[in-house]
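Colleague: Once you've looked at the hints, dock chain B against the given chain A.
There are 2 protein chains.
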Amino acid sequence: MDSLLIRRNDLHFILYEFLQIDELSKLPRFAEHSRATYDAALELAYGVAETQFATHAKAGDEQEPVFDGQRVHLIPEVKAALDAFCDAGFMAATHDYGAGGMQLPAAVEQACMALFSAANIGTVAYAFLTRAAANLVAAFGSIEQKARYLQPMLEGRFFGTMALTEPQAGSSLADIRTLAEPLDDGSYRLRGNKIFISGGDHELAENIVHLVLARIKGAPAGVKGISLFIVPKFRVRDDGSVGARNDVALAGLIHKMGYRSTTSTMLNFGERDQCTGYLVGAPNQGLAYMFQMMNEARIQVGLGAAALACTGYLHALAYAASRPQGRLPQGKDPAAPQVPIIEHADVRRMLVTQKAYGEGSLALCLYAAKLLDLQRHTEDESERVRAGLLLDILTPIVKSWPSQYGLEANALAIQVHGGYGYTREYPVERFYRDNRLNPIHEGTQGIQALDLLGRKVAMAGGAAFDALLAEIRLTIAGCSTVALLAAHAEALEGAVKLVADTTRVLLATLRTDSSLALANATVYLEMCGHLVVAWTWLGQAKAALRTSVTTAGNADLREGKLLACDWFFRCEVPKIAVQAKLLQSLDRSLLDMRVESL
Amino acid sequence: MDSLLIRRNDLHFILYEFLQIDELSKLPRFAEHSRATYDAALELAYGVAETQFATHAKAGDEQEPVFDGQRVHLIPEVKAALDAFCDAGFMAATHDYGAGGMQLPAAVEQACMALFSAANIGTVAYAFLTRAAANLVAAFGSIEQKARYLQPMLEGRFFGTMALTEPQAGSSLADIRTLAEPLDDGSYRLRGNKIFISGGDHELAENIVHLVLARIKGAPAGVKGISLFIVPKFRVRDDGSVGARNDVALAGLIHKMGYRSTTSTMLNFGERDQCTGYLVGAPNQGLAYMFQMMNEARIQVGLGAAALACTGYLHALAYAASRPQGRLPQGKDPAAPQVPIIEHADVRRMLVTQKAYGEGSLALCLYAAKLLDLQRHTEDESERVRAGLLLDILTPIVKSWPSQYGLEANALAIQVHGGYGYTREYPVERFYRDNRLNPIHEGTQGIQALDLLGRKVAMAGGAAFDALLAEIRLTIAGCSTVALLAAHAEALEGAVKLVADTTRVLLATLRTDSSLALANATVYLEMCGHLVVAWTWLGQAKAALRTSVTTAGNADLREGKLLACDWFFRCEVPKIAVQAKLLQSLDRSLLDMRVESL
Numbered sequence: 015m016d017s018l019l020i021r022r023n024d025l026h027f028i029l030y031e032f033l034q035i036d037e038l039s040k041l042p043r044f045a046e047h048s049r050a051t052y053d054a055a056l057e058l059a060y061g062v063a064e065t066q067f068a069t070h071a072k073a074g075d076e077q078e079p080v081f082d083g084q085r086v087h088l089i090p091e092v093k094a095a096l097d098a099f100c101d102a103g104f105m106a107a108t109h110d111y112g113a114g115g116m117q118l119p120a121a122v123e124q125a126c127m128a129l130f131s132a133a134n135i136g137t138v139a140y141a142f143l144t145r146a147a148a149n150l151v152a153a154f155g156s157i158e159q160k161a162r163y164l165q166p167m168l169e170g171r172f173f174g175t176m177a178l179t180e181p182q183a184g185s186s187l188a189d190i191r192t193l194a195e196p197l198d199d200g201s202y203r204l205r206g207n208k209i210f211i212s213g214g215d216h217e218l219a220e221n222i223v224h225l226v227l228a229r230i231k232g233a234p235a236g237v238k239g240i241s242l243f244i245v246p247k248f249r250v251r252d253d254g255s256v257g258a259r260n261d262v263a264l265a266g267l268i269h270k271m272g273y274r275s276t277t278s279t280m281l282n283f284g285e286r287d288q289c290t291g292y293l294v295g296a297p298n299q300g301l302a303y304m305f306q307m308m309n310e311a312r313i314q315v316g317l318g319a320a321a322l323a324c325t326g327y328l329h330a331l332a333y334a335a336s337r338p339q340g341r342l343p344q345g346k347d348p349a350a351p352q353v354p355i356i357e358h359a360d361v362r363r364m365l366v367t368q369k370a371y372g373e374g375s376l377a378l379c380l381y382a383a384k385l386l387d388l389q390r391h392t393e394d395e396s397e398r399v400r401a402g403l404l405l406d407i408l409t410p411i412v413k414s415w416p417s418q419y420g421l422e423a424n425a426l427a428i429q430v431h432g433g434y435g436y437t438r439e440y441p442v443e444r445f446y447r448d449n450r451l452n453p454i455h456e457g458t459q460g461i462q463a464l465d466l467l468g469r470k471v472a473m474a475g476g477a478a479f480d481a482l483l484a485e486i487r488l489t490i491a492g493c494s495t496v497a498l499l500a501a502h503a504e505a506l507e508g509a510v511k512l513v514a515d516t517t518r519v520l521l522a523t524l525r526t527d528s529s530l531a532l533a534n535a536t537v538y539l540e541m542c543g544h545l546v547v548a549w550t551w552l553g554q555a556k557a558a559l560r561t562s563v564t565t566a567g568n569a570d571l572r573e574g575k576l577l578a579c580d581w582f583f584r585c586e587v588p589k590i591a592v593q594a595k596l597l598q599s600l601d602r603s604l605l606d607m608r609v610e611s612l
Numbered sequence: 015m016d017s018l019l020i021r022r023n024d025l026h027f028i029l030y031e032f033l034q035i036d037e038l039s040k041l042p043r044f045a046e047h048s049r050a051t052y053d054a055a056l057e058l059a060y061g062v063a064e065t066q067f068a069t070h071a072k073a074g075d076e077q078e079p080v081f082d083g084q085r086v087h088l089i090p091e092v093k094a095a096l097d098a099f100c101d102a103g104f105m106a107a108t109h110d111y112g113a114g115g116m117q118l119p120a121a122v123e124q125a126c127m128a129l130f131s132a133a134n135i136g137t138v139a140y141a142f143l144t145r146a147a148a149n150l151v152a153a154f155g156s157i158e159q160k161a162r163y164l165q166p167m168l169e170g171r172f173f174g175t176m177a178l179t180e181p182q183a184g185s186s187l188a189d190i191r192t193l194a195e196p197l198d199d200g201s202y203r204l205r206g207n208k209i210f211i212s213g214g215d216h217e218l219a220e221n222i223v224h225l226v227l228a229r230i231k232g233a234p235a236g237v238k239g240i241s242l243f244i245v246p247k248f249r250v251r252d253d254g255s256v257g258a259r260n261d262v263a264l265a266g267l268i269h270k271m272g273y274r275s276t277t278s279t280m281l282n283f284g285e286r287d288q289c290t291g292y293l294v295g296a297p298n299q300g301l302a303y304m305f306q307m308m309n310e311a312r313i314q315v316g317l318g319a320a321a322l323a324c325t326g327y328l329h330a331l332a333y334a335a336s337r338p339q340g341r342l343p344q345g346k347d348p349a350a351p352q353v354p355i356i357e358h359a360d361v362r363r364m365l366v367t368q369k370a371y372g373e374g375s376l377a378l379c380l381y382a383a384k385l386l387d388l389q390r391h392t393e394d395e396s397e398r399v400r401a402g403l404l405l406d407i408l409t410p411i412v413k414s415w416p417s418q419y420g421l422e423a424n425a426l427a428i429q430v431h432g433g434y435g436y437t438r439e440y441p442v443e444r445f446y447r448d449n450r451l452n453p454i455h456e457g458t459q460g461i462q463a464l465d466l467l468g469r470k471v472a473m474a475g476g477a478a479f480d481a482l483l484a485e486i487r488l489t490i491a492g493c494s495t496v497a498l499l500a501a502h503a504e505a506l507e508g509a510v511k512l513v514a515d516t517t518r519v520l521l522a523t524l525r526t527d528s529s530l531a532l533a534n535a536t537v538y539l540e541m542c543g544h545l546v547v548a549w550t551w552l553g554q555a556k557a558a559l560r561t562s563v564t565t566a567g568n569a570d571l572r573e574g575k576l577l578a579c580d581w582f583f584r585c586e587v588p589k590i591a592v593q594a595k596l597l598q599s600l601d602r603s604l605l606d607m608r609v610e611s612l
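Going down the list, the protein sequences come from chains A and B.
Each residue of the first sequence is one higher than the one before, counting from 15 in this note's numbering.
Each residue of the second sequence is one higher than the one before, counting from 15 in this note's numbering.
Excised from the complex, chain A in its bound form (with noise of 0.2 angstroms):
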């Protein structure tokens, strides 16, 4: 039997023949890998993740992180999922060989990641965190800080956080307060206070990397004035070892429902002052810097919500098949024995939408992974560019798109388990828990609504938005001569034609009236999304045509792609229809309404 997580045909499916990243292998960054070191790199993660993040998800879940006012607490099995999650050289898989790395195509590491979160999002989200905090620094810490801070996390010895949000400043990081004042020696003195910040307290490594927006003394308000800091838990001596607490005090932990092996925390900086913190990169560029992070941020999320997608479906599919109940309607003889539910018609329609939410978000969330590595690694400087367009503009919606879906697919986990489905005894009601932050955690689905119509749809002058059509319209006319797809591609021309039309009356109100303009962005968010999505269905479809059918398995496959691609066009594209009516009647009523009426 294949795995729960995600089945292994399908990763690779998706990751050679849809997106057939063997050519990555061809540039320089990537020579030394094939899909022999791929398929060990998947392989490792299967291993790593069945038997030590999968066997604790429930443990973690049942048994949340207590605070008993000096210390935090977590179930052992936390620490050794994550040493050995570090021992594999996941922290550091796409790094460089030089600091330990692994140097793996971001498209592989990320398919790995998607099995860790499919086992056990809560536990792994410590090292997901890491990894962005890493990053960070790698990207941006000064040399001196790369040694002291970077090389600790890359092995696992040190932890990270981002610290963004503020009490009063959620989503609106203009407001942030946290100040910082420049000590004579160079660092900086911090004084504030941070909320849900995950993983911001634990024993799980020898410290913690805080990445702390705060203001310097005298910036500019707003989001021009936010520099970024690394605060260490512990101060770390210059020959790097582990010295003394720096003033950054656990006030509590916040209790979820779900993700909740991951600390989340209130953090007071400075409440001695004696917080100290040092400058990444140039003053007042720390919004900058981290936005230039995001995106790999929010495609880990969207992973994160497809890959429980996909595991929710395989759970579910699992019990369906094998637990009888009923009878056919056209066979009520109660002296014949039940079938198993798979029978049913509408646990088939249950499943089958579970298959195109989930592997449909995943397959989006792999093309964006692999994004990241041409427009990284490719030689070719006008393909870097446009690698970086796409990614640009897709990254909210991959961002949201699976966040939403991959809930609602948990949603039908659930009921095709019917009673059971809500009972502790499966997990996909723990699933149902964990998916429901994704559309919250990383910027929420407002958030990145108005990042894809405020900025992104317009941005060089439109030049991601062409991008990306010109993408979509590439998989159709590569369609459109195949006897099985011909009509799909025809709808998904249709789709992009209501699509651009659409935009085209957003962006000309967006000069004369912002606000009608992105009153319903969220709707606007969702109609691409559904585009998006569809185009990767027909590109799966058309991959699987293109395999050749070897055994049974690949025949399953290839029929179960074609299955998911008719269903997501038979029930899901006619919704980009309703979905551009509402929006080009640019409707006011959400901006006229008085509120007391609500």
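Just so you know, these hints were derived from the structure itself, not from any lab.
Check the hints yourself; a few may be wrong.
For chains that are exact copies, the list does not tell them apart, and a pair is met inside one copy or across any two.
Calculated pairs, DSS-like style, for lysine-lysine (alpha carbon to alpha carbon, straight line, at most 27 angstroms) [unchecked claim]:
no.: 1; residue 1: K511; residue 2: K589
no.: 2; residue 1: K72; residue 2: K346
no.: 3; residue 1: K511; residue 2: K595
no.: 4; residue 1: K231; residue 2: K346
no.: 5; residue 1: K160; residue 2: K511
Modeller: Same frame as chain A, but now just chain B:
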């Protein structure tokens, strides 16, 4: 400030303006009632719900029932709340004055139940189950059974359960195996296992009256061989006093994601072959009896889901009005103060969506409750029949639509709260977990869909379906000359036509290929749900325009109803065409797929 459960003015509006339940007082059954007595009952319910139920909702969720091998332990607040509920007369609210009841209309009683559900659905569930069991005994029990079991249930001294489900027979009641052997004294000896029995064990009452479905030895296979039994936890002596334990053993508690203060139990009947049960009514009629009571239980579930949507909405609204965050698109000056998030269009979108789902669901459920009153107590025979037909066809919609969209409303309530939404500091994540049970228990969405399309639509020669469309057209006719509503009336007429056409196609197919007709029954259920909720919104809008506006509160309410009605027609009604098209295509893919391709 008005209640955060359900707003008083909204509940009054739905009952008195939309449903015009004052009319019920003209019926002999309710002759002693008036708006004054209804208001008094509602105020009593507000009081008990807010002071006894809402107060321990969080504690009841966090400290779920524990079975120590001998006894089930609950936090003491659960019993205190249920005692207060019984003392206030709600357990017998609709029953005869002679039996100690209040003879309240079901519409008013259900409005009260909505308040308890909004306050603490996990605790009030014990009362719901007891009422359902009591109603079953009232309808079908012998005079002796009523004296011995019903009266103590109405007084709240005994609680009740509905024991249908068995491990091998979830939704498939035909496969129930619990066996009943007749004894010489007219009683039966039962043996079998039941699962998911809510309220199946506890010490909240002197006794528990289990209403158990079982087969009398030698009965026909399938649903035609199921009988209904009273099986008390403690034997009841002839003088009504509680005697020794019956042979009903708690095998274990099931831990759920929601409704956590309700015990969910596995019960073993007759482990020591000493379990005595008493036949209710005639042999082999058990399922028919159950079905006659099912309307009420299913309305109850829909109502609970609607109530959770309404209270989630009010919590989100209060949060949105008080939480400052960010600035509007046209005013990004960081020196300006932040605005309350209710000023953001996307937050308003999430609020009006919740309002439309929640208040639309509540209006629908209370309409169904009014139909119960008319079916039972109207003097005109043809009116009774008509009410019964409407109730029959609406029941699967009343059960399923609020369960699906009420849950969606709660997801949006979380989203409005941002990161706080998924923490246990705010109640919205609990509402969401509680509400996730509603699309499953008392018959899943798929079961409701088969009930609607496979039975109700064609029943009595299509009379129920015709009656429903006639009602909807009556509302349309009444609105088509009202300037503010004419466009919606026209859209609703279009939707009626789509639904009627689709129904004709499906019914024709049902005769030739039932599997094909039923393959997309869940989509049909959802489409009909959208039609019916659109109708309740048009009706509410019409009622709002009819209401005299004498206060600012009145004006806000009218404007709010019109706003939500507009929103529902703008964003939801267009989905009906998408669903109709899918259904009319008679898609075979769910039937023809090979399960290996999933």
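Colleague: Given identical chains, is K511 near K595, meaning Cα to Cα at most 27 angstroms, within a copy, between copies, both, or neither?
Modeller: Classified as both; 13 angstroms inside a copy, 21 angstroms across copies.
Colleague: At most 27 angstroms between CA atoms: does that hold for K160 and K511 within a copy, between copies, both, or neither?
Modeller: The answer is neither: 48 angstroms in one copy and 68 angstroms across copies each exceed 27 angstroms.
Colleague: For the identical chains here, do K72 and K346 meet the 27 angstroms Cα criterion within one copy, between copies, both, or neither?
Modeller: Neither: 39 angstroms inside a copy, 45 angstroms across copies.
Colleague: Cα distance capped at 27 angstroms. Does K231 pair with K346 within a copy, between copies, both, or neither?
Modeller: Cα proximity of K231 and K346: across copies only (22 angstroms, versus 77 angstroms in one copy).
Colleague: Is the C-alpha distance from K511 to K589 at most 27 angstroms within one copy, between copies, in both cases, or in neither?
Modeller: both (14 angstroms within a copy, 20 angstroms between copies)
In summary, the structure is inconsistent with hints 2 and 5 from the numbered list given earlier, while agreeing with the others.
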